[in-house]
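Given chain A, put chain B in place with the hints provided.
Protein chains: 2
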Amino acid sequence: MTHMNIPTYNDMLAAHERIEPHIRRTPIRRSEYLDELTGAELFFKCENFQEPGAFKIRGACNAVFGLDEAQAAKGVATHSSGNHASCLSYAARLRGIPCNVVMPRTAPQAKKDTVRRYGGRITECAPSTSAREEAFARVQAETGGDFVHPYNDPRVIAGQGTCAREMMEQTGGLDIALAPIGGGGMISGTCLTLATLAPECRVIAAEPEQADDAYRSFRAGRLIADDAPKTIADGLLVPLKELTWHFVSTHVSEIYTASEREIIDAMKLAWKHLRIVLEPSSAVPLACILKHPEAFRGKRVGIVVTGGNVDLDRLPWMQGAKGVT
Amino acid sequence: MTHMNIPTYNDMLAAHERIEPHIRRTPIRRSEYLDELTGAELFFKCENFQEPGAFKIRGACNAVFGLDEAQAAKGVATHSSGNHASCLSYAARLRGIPCNVVMPRTAPQAKKDTVRRYGGRITECAPSTSAREEAFARVQAETGGDFVHPYNDPRVIAGQGTCAREMMEQTGGLDIALAPIGGGGMISGTCLTLATLAPECRVIAAEPEQADDAYRSFRAGRLIADDAPKTIADGLLVPLKELTWHFVSTHVSEIYTASEREIIDAMKLAWKHLRIVLEPSSAVPLACILKHPEAFRGKRVGIVVTGGNVDLDRLPWMQGAKGVT
Chain A
55 MTHMNIPTYN DMLAAHERIE PHIRRTPIRR SEYLDELTGA ELFFKCENFQ EPGAFKIRGA
115 CNAVFGLDEA QAAKGVATHS SGNHASCLSY AARLRGIPCN VVMPRTAPQA KKDTVRRYGG
175 RITECAPSTS AREEAFARVQ AETGGDFVHP YNDPRVIAGQ GTCAREMMEQ TGGLDIALAP
235 IGGGGMISGT CLTLATLAPE CRVIAAEPEQ ADDAYRSFRA GRLIADDAPK TIADGLLVPL
295 KELTWHFVST HVSEIYTASE REIIDAMKLA WKHLRIVLEP SSAVPLACIL KHPEAFRGKR
355 VGIVVTGGNV DLDRLPWMQG AKGVT
Chain B
55 MTHMNIPTYN DMLAAHERIE PHIRRTPIRR SEYLDELTGA ELFFKCENFQ EPGAFKIRGA
115 CNAVFGLDEA QAAKGVATHS SGNHASCLSY AARLRGIPCN VVMPRTAPQA KKDTVRRYGG
175 RITECAPSTS AREEAFARVQ AETGGDFVHP YNDPRVIAGQ GTCAREMMEQ TGGLDIALAP
235 IGGGGMISGT CLTLATLAPE CRVIAAEPEQ ADDAYRSFRA GRLIADDAPK TIADGLLVPL
295 KELTWHFVST HVSEIYTASE REIIDAMKLA WKHLRIVLEP SSAVPLACIL KHPEAFRGKR
355 VGIVVTGGNV DLDRLPWMQG AKGVT
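Protein sequence lines, in the order shown, are assigned to chains A and B.
Heads up, our numbering is the position in the first sequence plus 54, with the first residue counted as 1.
Heads up, our numbering is the position in the second sequence plus 54, with the first residue counted as 1.
So that you can see chain A by itself, here it is in the shape it has in the complex:
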């Protein structure tokens, strides 16, 4: 583990100062109805209200605005077909530097459109790991762009940690901080911040049953890869990596999982009572609260609403929508 560059609390503080001019201090949403239903006090931190619709703008801005001038001129690069790609493109445009994104040509058109709208330059590749790695190596060699990994990067984790800091300030204190877990960037940032700022606050992760590598790793005490994950919570398909596993294994108190049906029901419930548009990944925490109410009853629970980018023509409760099992 000595080779890992583990971000510190001071890195998070520096990140917050660096990114604050570029991000929104998103509001907290509450619902008396959901509080009554769960017996808990729920504080929903609306990262879906960031301009590109996801918390990943925090880590992306921290990486982009932390570059020195020489590197900035060459820009940044990543491979992602999700919120990280659009958030990194958005952040790069804010600084006026190039952003190259390698994306499988099978990625949804809407995701490609969003990246391009923010000025990202897309290189398409075949939908395989080897093709992606090859395309990415070529793009990086050509551009010299700095690689910003979606989550296994200390700058990114320090950036994501700023969300928990705001959440503690805005709520005046919490018993539990709850966030979805995919690659583990948000959970790691939350652990990083709360370990110092509020060590008495438990950090709990929420994961789809059908992409439960974090749950199984947590139980086993060692990093276990996913075997063909498949979930409607498409932001959570990616696996933990060594940096995020470090935070999960040392600071997370518990990981709960929810089924596809439970995730969809929670998503609809949140839309109805919070009246916010959140994506399936962001509904996993509420699904886990409803499934394990005893763990949350009587507690003050902060929940990171990680993103709000959904295809409104293919909502999961619509007939014919994909992904429901």
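A hint or two may mislead.
Identical chains blur together in the list; that is why a pair holds if it fits in one copy or across any two.
[To be verified] Derived pair list, reagent style DSS-like, types lysine-lysine, alpha-carbon separation capped at 30 Å:
(1) 326 with 165
(2) 284 with 166
(3) 295 with 165
(4) 284 with 295
Keep in mind that the hints were calculated from the coordinates and are not lab data.
Treat the numbers as computed from the prediction; the structure is a model and nothing was measured.
Chain B only, in chain A's frame:
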């Protein structure tokens, strides 16, 4: 006009003090994308985030908490199948007094469920004006409940006016305040407040083409009734009455209208870029901005997002949804 009890600016201030403990100071949402698209600075005041999901909690709370003890013991009564009924029930429950609601038996089950969830007592009637008036007279005679009209009531208008006051404080000033118009309660409250607080700010109303009694009345300079209005913006079906016409005729600068298709497109655009759940009525202002961009370009525009109660199983852009023409 001398018989009308027209609310004053001081009534609005008193209302704000009265209701502040019971309502939310809702946030302002912004979108760089929508600003670029329209060339305006748009400030969306999220009244859909009130607990019962609509601005009508303001007027309802002002009426309910303004009752003396003797009247409060007898409660309140209204006829409505929309947000006013649920908001009045919610406000009455907050004070612990009865709320009777006369509703056509054909009203959607979801609306009845919401009123009952907030403790409202429903009396069903046949879906005709005469049946409603008869049922309401009977309920009032039996209960002695104070009649709180959905909009043609000075207490209600003074309550709705508190929204414009918050909006001016939160935005630091606006060139235009824009809200949908149905019965005219929100627009009247906005006129009431801004005539004193910000007389330089123009008040503009947005109305469905297919329920355009306010537009036609405004053009004619006299109150003209609707002729069989029919719109997906179901909160805007009701006509202006004498009190709201007073404010519209004396203080509104302009009324724009939008087609059903324009309303639906604007609703979807708002969901996508603001990531909030707003009801069709609340999308009419954005539809009018997109239709008349020259009137808004370069301006600071405050928009009241009036409500967020929609049937998520019957979104207007879904196949088979009703109301699209």
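Taking the hints in turn, this is what the structure says about them:
no.	hint	in the structure
1	326 with 165	both (26 Å within a copy, 13 Å between copies)
2	284 with 166	within (21 Å within a copy, 39 Å between copies)
3	295 with 165	within (24 Å within a copy, 48 Å between copies)
4	284 with 295	within (18 Å within a copy, 56 Å between copies)
This entry satisfies every hint, going by the numbered hints stated previously.
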